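Peer 1: When we follow the numbering used here, the leftmost residue of the sequence shown carries the number 312, and every step to the right adds one.
Since the hints were derived computationally from the structure, they do not count as laboratory data.
A hint or two may mislead.
Unchecked claim - Here are the computed lysine-lysine pairs in the PhoX-like style, where the Cα-Cα straight-line distance is at most 20 Å:
| no. | residue 1 | residue 2 |
| --- | --- | --- |
| 1 | Lys413 | Lys396 |
| 2 | Lys388 | Lys413 |
| 3 | Lys350 | Lys396 |
Being a predicted model, the structure only gives us computed values, none of them experimental.
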Amino acid sequence: VVLEAVRQDGMALRYAADDLQHDREVVLEAVRTNGMALKYAAKEFSCDWEVVLEAVRQDGGADSLQYAAVELRRDPKVVLEAVRKSGRALQYAAAELRHDRKLALEAVRQEGWAMRYAA
Numbered sequence: 312v313v314l315e316a317v318r319q320d321g322m323a324l325r326y327a328a329d330d331l332q333h334d335r336e337v338v339l340e341a342v343r344t345n346g347m348a349l350k351y352a353a354k355e356f357s358c359d360w361e362v363v364l365e366a367v368r369q370d371g372g373a374d375s376l377q378y379a380a381v382e383l384r385r386d387p388k389v390v391l392e393a394v395r396k397s398g399r400a401l402q403y404a405a406a407e408l409r410h411d412r413k414l415a416l417e418a419v420r421q422e423g424w425a426m427r428y429a430a
């Protein structure tokens, strides 16, 4: 039932039982539907590269980067995927990546005002 619910709306993960918020299959389905579902996944998934990458690839999922572990907010590949969806994701990147010209340029291409997050 929960798997079908998160396929319909990833944010349904918020109402799932704790053990299901720890279930990788359920979490992956949730973030594939809505990247922001990462907020309601068990903490262990904030450092799961595949889960975080799926989350940031979704429309509107760029904001999910804020729920990723620090080491993934330092990962250029993850941050690039996020800023390709939304330039504002740059604000959640590790400081050293906000200095990265390629990432900042991609963020600004998506949303010009994202320049304010480039360090």
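Peer 1: Work down the list of hints and note, for each, if the structure agrees.
Peer 2: Right, here's what the structure says about each hint:
no.	hint	verdict
1	Lys413 x Lys396	holds, 15 Å
2	Lys388 x Lys413	holds, 11 Å
3	Lys350 x Lys396	holds, 18 Å
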